[in-house]
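Undergrad: Chains as they are written, first to last, in the numbering used here: chain A, 5 to 234; chain B, 33 to 254.
Treat the hints as calculated values from the structure; they're not laboratory data.
Don't be surprised by glycine CBs; every beta carbon is placed ideally from N, CA and C.
Be careful, since some hints might not be right.
[Unchecked claim] Cross-link-like lysine to aspartate or glutamate pairs, in silico, DMTMM-like; alpha carbons within 20 Å at most: (1) Lys-138(B) - Asp-215(A); (2) Lys-83(A) - Glu-251(B); (3) Lys-160(B) - Glu-92(B).
[Said to hold, decoys possible] Label pairs and their calculated CB-CB ranges: (4) Asn-100(A) - Asn-185(B): 43 to 49 Å; (5) Glu-223(A) - Pro-54(B): 51 to 57 Å; (6) Ala-74(A) - Gly-188(B): 38 to 44 Å; (7) Lys-228(B) - Ile-68(A): 25 to 31 Å; (8) Asp-242(B) - Pro-221(A): 26 to 32 Å; (9) Gly-227(B) - Ala-110(A): 50 to 56 Å; (10) Met-78(B) - Glu-70(A): 41 to 47 Å; (11) Gly-121(A) - Asp-210(B): 33 to 39 Å; (12) Arg-52(A) - Lys-146(B): 54 to 60 Å; (13) Pro-254(B) - Ala-110(A): 20 to 26 Å; (14) Gly-52(B) - Ala-74(A): 49 to 55 Å.
[Stated by the list, open to error] To give an idea of the chain A side of the interface with chain B (calculated C-beta under 10 Å), a few residues: (15) Lys-71; (16) Phe-76; (17) Val-80; (18) Val-102; (19) Tyr-104; (20) Asp-117; (21) Lys-122; (22) Gly-205; (23) Leu-211; (24) Asp-215.
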Amino acid sequence: MNKSKVNNMRIKFILIFLLLFFTATYGYSQDSQIPEKIRTDLNAVLSRLEKNMSGIKTIKTAFIQEKELAVFKQKVVLKGTVYIEKPARLAWRVDNPVKYVMIMSADTISQWDEDTGKVQKISLSKNPAFEAAIGQMSIWFSGSYSPLLKDYEISLLREKPALLKFTPKPATIAGNVIKSVTVDFRKDEQYINRIFIEEKGGDTTSLLFVDTRLNIPVEASAWKAGPSQN
Amino acid sequence: MVKYFVIPVIILLHLTGCAGIPFQKAERVPVGKIEPGKVKEQFALMLPEKFRIINSMVFEYKGEAFSFIGYSDVDTLEKTFAVAGLNQVGIKLFELTGNNDKTELKFAVEEFTKRGNFAEAVAGDIKKIYFDRLPGEGAVASMEKYEIVFARNENGATIEHIFAGAGNLLVEKRYTVDNIAVWSVNYYEYRIENGKLYPAGIILENHKYDYRLIIRLKEIRP
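Take the sequences, apply the hints, and build the full model.
TA: This is how it looks when you write it as structure tokens:
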């Protein structure tokens with residue numbers, strides 16, 4: 005495995021991450037077979053979410069990610085903090101069981117992990133697939149879902165606070181891996197409370213956001229790919 | 033004058049792959065007059081037969097390092113295992129199960145399966161690290177000042193188990209053919225959990241394929 009192959013591998017792993025957590029939850033179907041009433045409700049909910057999230061410029065939230073592996077029937081729990089600054093800045097910091105940081109900005113992704121102690125930078129301009137995924141991600145965090153008409157069936161499981169279930173249509177990228185994604189919004193619908201992903205292989209991922217703070221100044225150290233300054 | 037010093041250092045660094053050891057080595061204490069059989073017996077009592085652990089792992093190869101999270105479910109008596117690798121954001125990289133004779137790859141991202149037999153390579157490393165941590169029947173013990181070495185010949189190869197440090201615990205397992213190291217596993221910083229011994233650090237060096245796997249214990253599951 006030479007350097008470029010290792011780099012390509014890293015790029016693909018980050019891309020899988022982006023696809024799983026962000027692309028999967030972007031779109032909703034405008035399927036003509038959906039009854040008019042449900043479609044109207046859905047459109048109303050999505051418009052409301054867009055409006056509620058439009059005033060959010062920065063987010064700092066702790067997360068608890070539970071990955072249940074079908075083979076083991078055991079959960080691997082990852083804990084950390086996410087920082088978001090619109091339009092396209094994101095820091096994903098894992099504190100437990102390992103220390104890891106991924107910083108995404110408009111043109112680069114930087115990664116650091118405690119075990120290797122190395123920072124790796126990936127240019128987005130050289131990776132169009134990444135650029136596309138990041139672009140979609142920024143739309144997701146902007147709350148403007150309307151332009152994101154993707155290949156998903158969407159069910160409104162609860163109207164308020166919104167609980168949405170996205171099922172990828174067959175023959176889509178997400179459809180090869182994901183069975184469904186359920187997105188549960190907080191009471192004020194200004195941010196997500198929990199994302200639950202069911203994969204086709206039987207694994208599940210629950211991503212619970214706790215201690216979420218909106219529109220607070222994000223400390224400069226949050227955007228540094230390195231050990232936590234706290 | 034300087035070159036006489038620098039050149040051997042460069043050669044030495046090259047031979048050792050410039051690889052540092054991120055763990056504390058076992059304290060060098062004289063072995064004393066302990067019976068080798070007793071050392072093996074005591075260690076056997078402290079080894080967990082079944083365990084589920086979460087590790088962080090770093091795979092080093094040709095100057096590159098790739099880190100991930102490993103989940104291992106091992107039964108050393110039945111010689112079965114199930115392992116999964118996840119990246120740090122929780123994306124599954126691979127998953128496989130197996131026993132001493134057979135391995136089943138349940139899942140692996142495409143990058144891992146492009147070349148060679150990925151499943152057998154991972155299974156081989158798991159077996160080297162967690163199985164047969166006790167010297168086999170017929171192993172010959174030799175007492176040295178700071179260590180006890182059990183050596184056993186097997187199909188033209190020699191497998192050695194080295195016990196050292198306070199408590200005379202397994203610190204190294206190595207496999208050589210014609211006195212040339214093929215692979216070795218070093219165990220560091222043992223800790224006791226529920227009356228059993230778990231190394232907090234493990235380094236597997238595969239000299240044949242020139243890679244190194246550094247394992248840090250993060251969690252022991254009930």
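Undergrad: Interface hint check: Leu-211(A), Cβ to nearest Cβ on chain B, cutoff 10 Å. Holds or violated?
TA: Check passed: Cβ of Leu-211(A) comes within 8 Å of chain B, closer than 10 Å.
Undergrad: Does Glu-251(B) lie within 20 Å of Lys-83(A) when you go C-alpha to C-alpha?
TA: holds (14 Å)
Undergrad: Report holds or violated for the interface hint on Lys-71(A), using the least CB-CB distance to chain B and a cut-off of 10 Å.
TA: holds (5 Å)
Undergrad: Verify the interface restraint on Asp-117(A): the C-beta must sit less than 10 Å from at least one C-beta of chain B.
TA: holds (5 Å)
Undergrad: Does the CB of Tyr-104(A) sit less than 10 Å away from some CB of chain B?
TA: Interface hint status for Tyr-104(A): holds (4 Å vs cutoff 10 Å).
Undergrad: The hint says 25 to 31 Å between Lys-228(B) and Ile-68(A); measuring C-beta to C-beta, is that right?
TA: holds (29 Å)
Undergrad: Classify the hint on Lys-122(A) as holds or violated, based on whether any CB of chain B lies nearer than 10 Å to its CB.
TA: At about 7 Å, which falls below the 10 Å cut-off, the nearest Cβ of chain B leaves the hint on Lys-122(A) intact, so it holds.
Undergrad: Grab the minimum C-beta distance from Asp-215(A) to chain B and call the hint holds if it beats 10 Å, violated otherwise.
TA: With a minimum Cβ separation of about 19 Å from chain B (threshold 10 Å), the hint on Asp-215(A) is violated.
Undergrad: Holds or violated: 20 to 26 Å for the Cβ distance of Pro-254(B) and Ala-110(A)?
TA: Violated - the Cβ-Cβ distance for Pro-254(B) and Ala-110(A), about 45 Å, lies outside 20 to 26 Å.
Undergrad: Should the hint that Phe-76(A) touches chain B count as held when the rule is a Cβ pair under 10 Å?
TA: For Phe-76(A), the interface hint holds, since the closest Cβ of chain B sits about 6 Å away, which is under 10 Å.
Undergrad: Range first: 33 to 39 Å. Now tell me if the beta carbons of Gly-121(A) and Asp-210(B) are that far apart.
TA: holds (37 Å)
Undergrad: Mind checking the hinted window 49 to 55 Å against the Cβ distance between Gly-52(B) and Ala-74(A)?
TA: About 38 Å separates the Cβ atoms of Gly-52(B) and Ala-74(A), which means 49 to 55 Å is violated.
Of the numbered hints listed earlier, those contradicted by the structure are 1, 5, 8, 10, 12, 13, 14 and 24.
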